[in-house]
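Peer 1: The listed protein sequences correspond, in order, to chains A and B. The numbers in our numbering rise by one with no breaks, and the one at position 40 of the first sequence is 40. The numbers in our numbering rise by one with no breaks, and the one at position 170 of the second sequence is 170.
No lab work stands behind these hints: they were computed from the structure. Treat the hints with care, since some could be wrong.
What the hints assert, rightly or not - Think about it this way: if two alpha-carbon atoms lie no more than 35 Å apart in a straight line, the pair counts; the simulated DSBU-like pairs of lysine-lysine are:
hint : chain 1 : residue 1 : chain 2 : residue 2
1    : A       : K204      : A       : K185
2    : A       : K67       : B       : K108
3    : B       : K173      : A       : K48
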Amino acid sequence: MGDEQVKENEVKKIKHVYSRGSEHKELIEDNPFVDVAAFLFLEDIADKQGAAGMNNYLMSLATSLAKSMPEEKYDTWEQFLDAVRRGESTISTFENIITPTDNCIVTTKCPFSRAWSEYTRRIGHFSKIHYDVAEYYNSTVKPGAIDTMCIIHQTFRSAAAERIKVGGKPVRYAQIACVSPEGAKKIAPEEWLPILLEKAGITKTEMNMVLRNNTCLWILYIG
Amino acid sequence: MLDVALVSLIQDMSEKAGVEGTIQYWTRVGESLAKRMGKEAYIGWPSFNVALREGRTAFSIEGEVSALTDLAITDEDGDVVGYIYALKRCVFQPTTLRIRYSVGELPKADQDVAREYNNSVRDTAVCNFCVIHQKFREEVAGNITVAEQALECMQLANRGFIGETKIAENAMKKIGMNPEYVRSLLRNYACVYALLMRGARLKGEVKTDK
Numbered sequence: 001m002g003d004e005q006v007k008e009n010e011v012k013k014i015k016h017v018y019s020r021g022s023e024h025k026e027l028i029e030d031n032p033f034v035d036v037a038a039f040l041f042l043e044d045i046a047d048k049q050g051a052a053g054m055n056n057y058l059m060s061l062a063t064s065l066a067k068s069m070p071e072e073k074y075d076t077w078e079q080f081l082d083a084v085r086r087g088e089s090t091i092s093t094f095e096n097i098i099t100p101t102d103n104c105i106v107t108t109k110c111p112f113s114r115a116w117s118e119y120t121r122r123i124g125h126f127s128k129i130h131y132d133v134a135e136y137y138n139s140t141v142k143p144g145a146i147d148t149m150c151i152i153h154q155t156f157r158s159a160a161a162e163r164i165k166v167g168g169k170p171v172r173y174a175q176i177a178c179v180s181p182e183g184a185k186k187i188a189p190e191e192w193l194p195i196l197l198e199k200a201g202i203t204k205t206e207m208n209m210v211l212r213n214n215t216c217l218w219i220l221y222i223g
Numbered sequence: 001m002l003d004v005a006l007v008s009l010i011q012d013m014s015e016k017a018g019v020e021g022t023i024q025y026w027t028r029v030g031e032s033l034a035k036r037m038g039k040e041a042y043i044g045w046p047s048f049n050v051a052l053r054e055g056r057t058a059f060s061i062e063g064e065v066s067a068l069t070d071l072a073i074t075d076e077d078g079d080v081v082g083y084i085y086a087l088k089r090c091v092f093q094p095t096t097l098r099i100r101y102s103v104g105e106l107p108k109a110d111q112d113v114a115r116e117y118n119n120s121v122r123d124t125a126v127c128n129f130c131v132i133h134q135k136f137r138e139e140v141a142g143n144i145t146v147a148e149q150a151l152e153c154m155q156l157a158n159r160g161f162i163g164e165t166k167i168a169e170n171a172m173k174k175i176g177m178n179p180e181y182v183r184s185l186l187r188n189y190a191c192v193y194a195l196l197m198r199g200a201r202l203k204g205e206v207k208t209d210k
């Protein structure tokens with residue numbers, strides 16, 4: 001057996017093991033109790049420490065989650081993209097995505113949407129503090145969040161990307177746009193948009209088309 | 001994803017505020033969740049048990065709960081004052097599994113919080129999440145009336161992800177239930193608790209008094 005064949009078999013073996021993990025993940029449904037409790041837990045923090053304190057907590061928990069997951073190394077962008085598409089990379093492990101281009105990633109359904117709908121169904125209107133904290137994040141960190149869920153998600157992606165290397169170089173993440181479960185939209189500032197869309201390899205019209213049926217549009221690239 | 005992120009926060013919080021601080025946070029969240037779900041009133045046990053089966057009570061947020069109607073709790077006069085209920089799957093199990101497949105293992109704080117709760121509050125926790133869960137049930141019970149009487153919740157037994165169990169023998173004595181029987185329920189259920197009318201004069205309590 002040649003080297004090529006050995007390498008191919010090895011990759012197949014790894015893919016098989018990873019795929020089993022992905023199947024398991026598909027079978028695990030959220031429990032509404034834990035999700036709703038998590039939101040109230042965050043609201044309790046906000047009551048005591050205000051929007052700034054809650055923002056710090058959210059960013060800290062997302063970063064610590066990313067750091068608790070294994071680092072990744074890929075030889076080529078194709079290998080990395082393949083892992084991302086199959087949900088086997090840290091960066092896509094919690095979400096279902098499609099990739100219209102090699103750098104543009106689209107999240108089809110927000111991984112927090114079930115938690116949000118359980119909250120609104122069982123408790124009532126989503127607490128205002130979740131939007132206030134997002135405003136704080138937009139003005140002090142990066143303008144891309146609609147609510148607290150976006151802060152966790154975007155910080156996680158950013159921290160996870162830093163732990164992934166492709167061809168020895170770290171992967172970078174940037175947020176383009178998102179749509180909340182209730183339909184609110186947040187798009188990157190007008191002056192950033194041309195650069196981000198160019199990196200994504202899509203037009204503004206295509207971006208708006210994507211946002212009609214999906215929840216989040218972001219890019220991954222080599223820094 | 002939120003639940004997995006939250007677990008990493010538990011570790012962080014336990015390091016900063018201590019496990020006692022985490023217990024306090026969880027307890028407050030349990031209270032607040034129950035409070036925000038509102039009050040409920042039922043004309044009798046059958047209507048409450050039907051509401052539970054149809055997922056209409058605050059308890060339904062936990063998942064599939066069975067009312068074990070063959071295990072009625074009676075007072076000293078032999079009147080039915082409550083029932084035993086069993087949760088099919090621990091509310092924390094999906095989170096534990098997701099952590100297993102995305103992160104690896106649960107942070108150390110999970111068991112640290114449970115251990116501290118068992119030492120300082122009540123010996124009924126198998127994981128950190130039992131703290132909020134059990135508090136939530138106690139508070140929800142107080143918000144529900146059956147035949148115009150507020151309910152009380154008693155934690156009886158639970159089984160953790162790796163098979164560890166907690167049996168509250170004192171609570172079982174109070175309601176006159178055999179601990180071995182409740183232990184056998186853990187083969188099919190993750191968590192067993194009793195709901196009964198607050199202030200009911202139970203057989204077990206009468207025996208203890210005598």
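Peer 1: Next step is simple, just say for each hint if it's right about the structure.
Peer 2: Hint check:
Distance restraint check for K204 of chain A and K185 of chain A: the Cα-Cα separation of roughly 14 Å lies within the 35 Å cut-off, and the hinted pair is therefore satisfied. The suggested pairing of K67 of chain A with K108 of chain B holds, with an alpha-carbon distance near 15 Å, which does not exceed 35 Å. For the given pair, K173 of chain B sits about 41 Å from K48 of chain A by alpha-carbon distance, which is inconsistent with the 35 Å threshold.
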